[in-house]
Amino acid sequence: MRTTRLDADWIGPPLWPIAAVLAVLFLAGRAASAAPIRILALGTSLTQGYGLPPGTEFTSVLQDALRKKGIDAEVINAGVSGDTSAGGLARLGWSLADHPDAAIVELGANDALRGLPPSDTERNLKAIVAQLKADHVRVLLAGMQAPRNLGRLYVKKFDAIYPRLARQQHVLLYPFFLQGVALNPRLNQADGIHPNVEGEKIIVSNILPYVERLIAEVGTMKGHN
Numbered sequence: 002m003r004t005t006r007l008d009a010d011w012i013g014p015p016l017w018p019i020a021a022v023l024a025v026l027f028l029a030g031r032a033a034s035a036a037p038i039r040i041l042a043l044g045t046s047l048t049q050g051y052g053l054p055p056g057t058e059f060t061s062v063l064q065d066a067l068r069k070k071g072i073d074a075e076v077i078n079a080g081v082s083g084d085t086s087a088g089g090l091a092r093l094g095w096s097l098a099d100h101p102d103a104a105i106v107e108l109g110a111n112d113a114l115r116g117l118p119p120s121d122t123e124r125n126l127k128a129i130v131a132q133l134k135a136d137h138v139r140v141l142l143a144g145m146q147a148p149r150n151l152g153r154l155y156v157k158k159f160d161a162i163y164p165r166l167a168r169q170q171h172v173l174l175y176p177f178f179l180q181g182v183a184l185n186p187r188l189n190q191a192d193g194i195h196p197n198v199e200g201e202k203i204i205v206s207n208i209l210p211y212v213e214r215l216i217a218e219v220g221t222m223k224g225h226n
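Numbering-wise, the sequence shown is residues 2 to 226 according to the working numbering.
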């Protein structure tokens, strides 16, 4: 795999205070009689926690952040180092054996690093989202950006995958998983790609409002069942 840095031009995420309140209320009502809400994190080494000490990877930090907010959640680490969107699709059935209520899909970075056709990436991600929805799993799609050295046409095609798919499939979108971290040497390991411990904290802080909204959607779905 080429060690290529990703572009990180992004605007800070909006907050959803109402969604956060709904998420807390949903989990408060659920806590007395049910297991924690289960969130599947299906992704690459960025989810797995490549090069990080145990307990400092994305899933652990996110789970701790949710519990500090009073949300009883279990974040399942289904990240595989080097995985492509095709690999994520191939193992999705196995991952669904954990019976998640919601899923964060962080796939595509390795597709871009390998210069795979964006059309293939989009087809795989679409199939993943469709299968999750068929299993009544609420989805948060985590966007990725192509390395800028692959050329303007490739970048345009790849970057457009995530907003288009989220719009077509009616799922939540977090536009750029590495927002605020990519290209910052202080927040990445020596390879310039994988976040360090401080970088993981920023990733979780940025994505947290979106995850709270995802949990609120789970509560809405449960309320209609």
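Think of the hints as simulated: they come from the structure by calculation, not from any bench.
Note that CB positions come from ideal geometry on N, CA and C, so glycine has one too.
A portion of the hints provided could be inaccurate.
To be verified - Pair ranges (Cβ atoms, derived):
#1 P186 <-> A36: 22 to 32 Å
#2 E199 <-> A135: 32 to 42 Å
#3 L154 <-> H100: 18 to 28 Å
#4 P164 <-> G94: 39 to 49 Å
#5 R124 <-> R187: 21 to 31 Å
#6 Q190 <-> Q169: 28 to 38 Å
#7 D136 <-> P54: 25 to 35 Å
#8 W95 <-> R149: 16 to 26 Å
#9 P164 <-> D73: 25 to 35 Å
#10 S120 <-> T57: 10 to 20 Å
#11 K69 <-> R187: 23 to 33 Å
#12 K134 <-> P55: 17 to 27 Å
#13 N150 <-> S82: 32 to 42 Å
What the hints assert, rightly or not - As a list, the in silico EDC-like pairs of lysine to aspartate or glutamate whose alpha-carbon atoms are at most 16 Å apart:
#14 K157 <-> D99
#15 K202 <-> D73
#16 K158 <-> D99
#17 K127 <-> D160
Each hint tested on the structure:
Taking the beta carbon of each, P186 and A36 are about 41 Å apart, not inside 22 to 32 Å as hinted. The hinted range of 32 to 42 Å is satisfied by E199 and A135, whose Cβ atoms lie roughly 38 Å apart. A beta carbon spacing of about 41 Å between L154 and H100 contradicts the range 18 to 28 Å that was offered as a hint. Take P164 and G94: their Cβ atoms lie about 27 Å apart, and the range 39 to 49 Å is violated.
Taking the beta carbon of each, R124 and R187 are about 37 Å apart, not inside 21 to 31 Å as hinted. The given range of 28 to 38 Å is respected by Q190 and Q169, whose C-beta atoms sit roughly 35 Å from each other. Between D136 and P54, the C-beta spacing of about 33 Å keeps the proposed range 25 to 35 Å intact. Between W95 and R149 the C-beta distance comes to about 35 Å, which lies outside the given range of 16 to 26 Å.
Take P164 and D73: their Cβ atoms lie about 32 Å apart, and the range 25 to 35 Å holds. Distance hint check for S120 and T57: the Cβ-Cβ separation is about 36 Å, which falls outside the suggested range of 10 to 20 Å. Evaluation of the 23 to 33 Å hint for K69 and R187 yields a pass: the beta carbon distance comes to about 24 Å. The given range of 17 to 27 Å is broken by K134 and P55, whose C-beta atoms sit roughly 33 Å from each other.
Distance hint check for N150 and S82: the Cβ-Cβ separation is about 22 Å, which falls outside the suggested range of 32 to 42 Å. For a cut-off of 16 Å, the pair hint linking K157 to D99 is broken: about 36 Å separates their Cα positions. Distance check on the hinted pair: K202 and D73 sit about 19 Å apart at the alpha-carbon level, beyond 16 Å; violated. Between the alpha carbons of K158 and D99 the distance comes to roughly 34 Å, so the proposed pair goes past 16 Å and is violated.
At most 16 Å may separate the alpha-carbon atoms for a hinted pair to count; K127 and D160 meet this at roughly 15 Å.
Consistency with the previously given hints fails for numbers 1, 3, 4, 5, 8, 10, 12, 13, 14, 15 and 16, ordered from lowest to highest.
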